[in-house]
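J.: Using the hints, position chain P against chain G.
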Amino acid sequence: MTDLLLEARGLCVDYGSGPGAVHAVADADLVLHRGEVLGLAGESGSGKSTLAFGITRLLRAPGVITGGEVRFYRPGGSPVDVLEADEPLLRVLRWSQVSLVMQSAMNALNPVMSIRTQLTDALRAHRPGMSAAQRRARAAELLDMVGISADRLGSFPHQLSGGMRQRVMIAMALGLEPQVVIMDEPTTALDVVTQREILEELSALRDRLGFAILFITHDLSLLIEIADTIAVMYAGRVVERAEAKALFRAPRHPYTLGLLSSFPGLHGPRRRMTGIPGSPPDLRELPSGCVFHPRCGFVLDRCASASPPLGPPPGGRGRVVACWLHDGAQSVPEPLAKPEPDHIGSTL
Amino acid sequence: MTTPVPILEARHLTKHFAVLRSSRGARSALSRPALSRPHGGTVVHAVEDVSLALAPAQVIAVVGESGSGKSTLARMLARLISPTAGDLLLDGHAASGARRQYARQVQMVLQDPFASLNPVHDVRYHLARPLLAHGLAPRAELDDVITGLLERVALTPGSQFLRKYPHELSGGQRQRVAIARALAVRPRVLLADEPVSMLDVSIRLGLLNLLGGLRDDDGLGILYITHDIASARYLADQVIVMYAGQVVESGPVEVVTDHPAHPYTQLLLSAAPDPERGAPPVLRGRGSPPSLVSPPAGCRFHPRCPHAMAVCAEQVPPMLSATSEESINKGGPGHSAACWLHSPDANPQKET
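So the protein sequences, as listed, match chains G and P.
Numbering (my numbering) for the first sequence: 13 to 360.
Numbering (my numbering) for the second sequence: 1339 to 1690.
In short, the hints are calculated from the structure, not lab data.
You may find that some hints are simply not true.
Said to hold, decoys possible - Each pair of labels, with its calculated beta carbon distance range:
1. G:Q115 - P:N1456: 20 to 30 Å
2. P:S1404 - G:S167: 15 to 25 Å
3. P:P1682 - G:D219: 38 to 48 Å
Claimed, not checked - Stretch by stretch, here's where chain G covers chain P in the computed footprint (C-beta under 8 Å, at least three residues):
4. 1427-1435
5. 1532-1544
6. 1569-1583
7. 1610-1622
Yeah, the Cβ is synthetic: ideal placement off N, Cα and C, and Gly gets one too.
Bound-form chain G, shown alone (with noise of 0.2 Å):
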């Protein structure tokens, strides 16, 4: 098994405070791994990007982190408690251990700002002993390593098509050479075909710089493609966690499997596909119990009444599920009890 590089459990994160308080992270356990591609997978106010922005500590107000620990393990250095860490360790954490890739990052650029100066501004805050012309190199060296040419560091942002911003925030995010690069839906703006080229070059980097990945997005077909593990959140819970071949060959929770039936494929028999009945439900009034019985095909009764936790299913290796059909006390139906694929290489 790899390293442990990130980890959170039992994070709780709440929009205001009081009875009104909007529970949009409930109990979120994650583990990373050094050069682990975990992705996290959810539709809207699945909690996907706030459990993102928690774990750095980045929430905008009203956010606000209520219970659960986050550490942050340094190579050759002693965990990290990040919630408890004080700004100047924040500090240093940010950007030189883990870097931030965010949505829409063709709008988070500053607009007034060329190319060299936002790639130079990290640099300039994370590495003072750099020479202006250290960091000039440095930041050419960046560009060049996502495939564009040096002579636009003198751009603005307008001036780059929506895919070279793209590779402007994933060159920006690993000028310092970071542990782990979280990524929120970075290529959904994009077409298909952009997406997978900067997806290669991600991959290549990857190999290359050893970097460890927390990609986040609505596409999960998309995930099983590139993620090693992937996390499955619905209504602020992580619901499924499994190595990615075993998530889709043999899913484990009713939320995963009726996200899966939502892809149509690209190939083989077209066959009349239903997705899920129902919506995403509203976070300020959420289902009693499981949060997803309401929508369930295989619903039992005590799913009204009693949350289920996050534990791993008989015979499950590495994997966790939080569903009351997994706790051995009932035959689990056909399409939740695939055998398991063979591990090829898995990480965990």
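T.: Here is chain P on its own, set in the frame of chain G:
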């Protein structure tokens, strides 16, 4: 097999948007020797020579990336934009009459469920408007007719939705209201421009199944515009692939997705997410779509094409037959691609 007269037919539709004069000399850098430019100025060649025929009880998907011209094509078919050249036919006759009459036959559903409904009016108001405007229901029966429309788009019980405002509905429900509004005038054609792209994944199929039901049960002809080729394969019968304003491939949807004949379609399919894929895809053809102000000569895809030949840079390829046994068996128009590789005289060079 005799093909029925298509309800809606586009013949060689073309749209050039004039580029407004800019203050500096930028235009001179962009201008080219004259092609047919309406006002002798610079134009954006948004849609070039597109033909299609939509039959009753049929879904044609128009697949392309942003900038491919698919939305401009839809707006020409809706007669919201007038074409620069080409003809639009409804039931075989020129669609040049009053737009209001045309709107009774051809309706549009748009991408953004948040923007297409007026936030200050309730659902009942939105559906009553077209009914009253076209004199389709007496005031006394409005509630019944509207409730019926809502139930047709699976918003049941319809009566519960009458007084709801858009902000009280989910994205999927709003989109169903938009479809109900389009169906109010009992059209024969629905032009759906990215109708599910902004909806959560788990509810997209419900909407797509609704559109499929309108085709199967009500015989509607539907044009489904999308960048998502997997959903096109799910819903559509025929597919048209557009690139840089032109049609590059068309045919039965399974044939085109299983045996793409045009290098751009092949690129699109290899780039699209596919969990069943064993190994990472090999992309053939880097780069991005060309400028539509001065598109490449000949085939617009040739600068990116791994199979480009000399002729590709000189002459625009016509739609050439790529028909195989399989596409003949599927019936309907055969499979064709605008690519010189499918010319009987083709002599493809080795890949560069």
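J.: Evaluate each hint against the coordinates.
T.: We went through each hint and held it up to the structure:
no., hint, result
1, G:Q115 - P:N1456: 20 to 30 Å, "28 Å, holds"
2, P:S1404 - G:S167: 15 to 25 Å, "21 Å, holds"
3, P:P1682 - G:D219: 38 to 48 Å, "45 Å, holds"
4, 1427-1435, "violated (count 0)"
5, 1532-1544, "holds (count 7)"
6, 1569-1583, "holds (count 3)"
7, 1610-1622, "holds (count 9)"
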